[in-house]
Amino acid sequence: MARSNFNKTIEFIQYHIPALESGTYTLGLTQTTRGTGSDQTGSISDPGGSVADSFSVQKTFAVMGQRFTLDPNKFQSVFPPATHQGDFSNCFPHVVLTSTTLPWQRFLDDSDQTLPQPPWLALLVFYEDEEPTVKQVTLSTFKTANLPATDPNAILFYSFTQGYGEEDSDPCAVIDLPVNLFNQIVPSADDFSYLAHVKKVSAPVEKGKDALPYKKYSVVFANRLCPPSGQCTVHLVSFENMGAYLPNADGTASPSLPAETKYVRLVSLKNWSFEVLSHKGNLSDVISRLNTVDGTPYTSPITLQTPQIEGTDDGTVALNTAFSMGYIPANHYMRNGDTSVSFYRGPLAPYVVSNNTISWPNQHSDDLLRYDPTTSMFDVSYAAAWQLGRLLGLQNQKFSENLYKWKRKNTLNTITQLEQKILGGELEEEAPLQNQSLEILSAEDKLTTILSQAFENYLKAGKN
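Per full-length UniProt numbering, the very first residue in the sequence shown carries number 1; after that it's consecutive.
Hints are computed from structural coordinates only; laboratory data are not their basis.
Note that the structure is predicted; figures quoted are calculated from it, not measured.
The beta-carbon is built from N, C-alpha and C at its ideal position, and this holds for glycine as well.
A few of these clues could be false.
[Unchecked claim] Listed next, the in silico DSS-like pairs over lysine-lysine satisfying Cα-Cα at most 30 Å (straight line):
hint, residue 1, residue 2
1, 262, 216
2, 262, 143
3, 398, 421
4, 143, 74
5, 135, 8
6, 270, 200
7, 199, 270
8, 215, 200
9, 200, 8
10, 215, 270
11, 270, 74
12, 270, 135
13, 8, 74
14, 74, 262
[What the hints assert, rightly or not] Label-pair distances were calculated between CB atoms; the ranges are:
hint, residue 1, residue 2, range
15, 213, 29, 15 to 21 Å
16, 297, 328, 26 to 32 Å
17, 392, 360, 40 to 46 Å
18, 180, 297, 27 to 33 Å
19, 354, 283, 38 to 44 Å
20, 351, 288, 51 to 57 Å
21, 115, 62, 21 to 27 Å
22, 62, 152, 26 to 32 Å
23, 392, 354, 23 to 29 Å
Go ahead and model the full structure; you've got the sequences and the hints to work with.
So this is what it looks like as structure tokens:
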């Protein structure tokens with residue numbers, strides 16, 4: 001794979017306020033005319049008269065920012081990924097949105113907003129025993145359907161007025177949080193401004209295409225780490241008009257929260273779940289555990305030990321010597337179908353091996369089998385290495401082609417040298433050989449052709 005020379009840069013931007021807030025707008029235009037001349041009925045006024053009138057028009061339009069549901073195309077990615085498993089215990093979940101203004105299209109409350117304007121969206125992280133139930137309601141049944149308590153006064157509802165284009169039948173997903181959990185995990189008003197930002201990422205532009213050399217996304221972060229282990233669920237929640245009820249920085253309830261409140265109903269715009277695996281320790285922890293077995297310090301050497309066979313007879317001594325040299329006994333399947341046991345050793349040896357152990361060249365792997373009369377066993381180390389190299393060479397098409405060309409070139413060079421030696425200097429000056437493609441002839445055919453043509457040239461030279 002070719003290495004790309006493209007260097008990616010990321011720029012972080014604190015916020016991106018939309019040019020127009022979500023809502024309904026009315027434009028008014030008034031035109032006033034003044035002049036002298038005919039009046040509006042077409043009669044001629046006196047020279048000192050005047051004509052004056054005023055014309056007005058009004059147009060209403062709406063900026064329809066998404067509010068109770070979000071288009072799936074608005075989501076670029078989430079982290080940790082949905083349904084994944086991993087060590088996410090030190091991660092703040094976050095969501096990347098394709099719209100850079102979405103987190104700032106609405107407000108936490110109706111008070112005058114000063115920059116930096118806090119976002120109206122937040123991520124809430126729920127541990128395994130805290131996960132709320134997602135309930136489906138409509139805008140008309142928002143305050144009546146699937147209530148967690150019989151007394152409506154015990155529930156703090158998200159307050160809203162239906163805007164332009166919103167219908168009573170529009171669906172909405174909600175979650176009901178116990179008030180204690182609400183105060184425990186919901187960010188304070190001071191924290192909201194730090195939980196969203198915009199990132200501008202440089203991107204390569206394909207040649208011939210008119211595209212910006214960068215992409216922009218908005219990012220919303222959670223204020224709570226994932227649990228050390230277990231199932232975890234994250235909800236992207238709307239806090240529009242909920243600013244007065246946000247908990248204090250110390251986790252205590254807001255003074256604006258009614259005392260009888262038992263639950264808080266919030267709009268959930270997206271949710272996903274994943275599993276946090278138990279922390280297994282870092283590299284230092286893993287390596288240090290190599291020195292213990294079930295908590296007991298490991299006293300034996302951690303290096304691979306050479307096997308030793310008890311005994312003092314010649315065979316046992318020979319086997320122990322082979323073991324100390326790095327050899328192991330392995331099953332050996334002969335060409336004729338017989339089976340035996342032979343010694344094998346890999347390319348690594350516990351001592352310096354002399355360079356004159358074997359002779360070259362060798363036509364096949366059997367040339368490299370070595371017989372040890374002391375143990376009556378073969379050493380197949382070099383034979384196995386030769387066969388392995390041969391198979392790897394044949395598997396590589398480029399190497400195989402180059403090897404064939406090299407052998408053919410050497411054969412042709414040998415034939416050419418033999419031709420020059422037979423003909424001698426005198427006959428080389430006579431009539432040239434017939435124009436044939438010598439590369440396609442075998443060595444025997446080439447030699448026959450050379451000898452016959454040399455004989456013909458000799459006869460022709462004798463006649464002259």
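Comparing the hints with the structure gives:
1. At most 30 Å may separate the alpha-carbon atoms for a hinted pair to count; residue 262 and residue 216 exceed this at roughly 41 Å.
2. Of the pairs offered as hints, the one joining residue 262 and residue 143 holds, with about 15 Å between alpha carbons and a cut-off of 30 Å not exceeded.
3. Using a Cα cut-off of 30 Å, the hinted pair residue 398 and residue 421 is violated, with the two alpha carbons roughly 35 Å apart.
4. Distance hint between residue 143 and residue 74 is fulfilled; the C-alpha atoms sit about 28 Å from each other, no more than 30 Å.
5. For the given pair, residue 135 sits about 42 Å from residue 8 by alpha-carbon distance, which is inconsistent with the 30 Å threshold.
6. The suggested pairing of residue 270 with residue 200 holds, with an alpha-carbon distance near 24 Å, which does not exceed 30 Å.
7. The straight-line distance between the Cα atoms of residue 199 and residue 270 is roughly 21 Å, inside the 30 Å bound, and the hint therefore holds.
8. Restraint check for residue 215 and residue 200: satisfied, since their Cα atoms lie roughly 6 Å apart, inside the 30 Å limit.
9. Between the alpha carbons of residue 200 and residue 8 the distance comes to roughly 10 Å, so the proposed pair stays at or under 30 Å and holds.
10. Between the alpha carbons of residue 215 and residue 270 the distance comes to roughly 23 Å, so the proposed pair stays at or under 30 Å and holds.
11. Of the supplied pair hints, the one linking residue 270 and residue 74 holds, its CA atoms being roughly 11 Å apart against a limit of 30 Å.
12. Straight-line distance between C-alpha atoms of residue 270 and residue 135 comes to about 12 Å, which keeps the hinted pair within the 30 Å bound.
13. Proposed proximity of residue 8 and residue 74 is supported: the alpha carbons are some 23 Å apart, at most 30 Å.
14. Proximity of residue 74 to residue 262 is assessed by CA-CA distance (about 33 Å); at most 30 Å being required, the pair is judged violated.
15. Look at residue 213 against residue 29: about 40 Å separates their beta carbons, and that is not inside 15 to 21 Å.
16. Evaluation of the 26 to 32 Å hint for residue 297 and residue 328 yields a pass: the beta carbon distance comes to about 30 Å.
17. For residue 392 paired with residue 360, a C-beta distance near 18 Å fails the hint of 40 to 46 Å.
18. Against the hinted window of 27 to 33 Å, the Cβ-Cβ separation of residue 180 and residue 297 comes to about 47 Å, which falls outside the hint.
19. Separated by about 41 Å at the C-beta atoms, residue 354 and residue 283 satisfy the suggested range of 38 to 44 Å.
20. Roughly 33 Å separates the CB atoms of residue 351 and residue 288, a value that falls outside the hinted 51 to 57 Å.
21. Against the hinted window of 21 to 27 Å, the Cβ-Cβ separation of residue 115 and residue 62 comes to about 25 Å, which satisfies the hint.
22. For residue 62 and residue 152, the hinted distance range of 26 to 32 Å is satisfied, since their beta carbons lie about 31 Å from each other.
23. In this structure the hint that residue 392 and residue 354 lie 23 to 29 Å apart at CB holds, the actual value being about 26 Å.
In this structure, the hints that do not hold are numbers 1, 3, 5, 14, 15, 17, 18, 20, in rising order.
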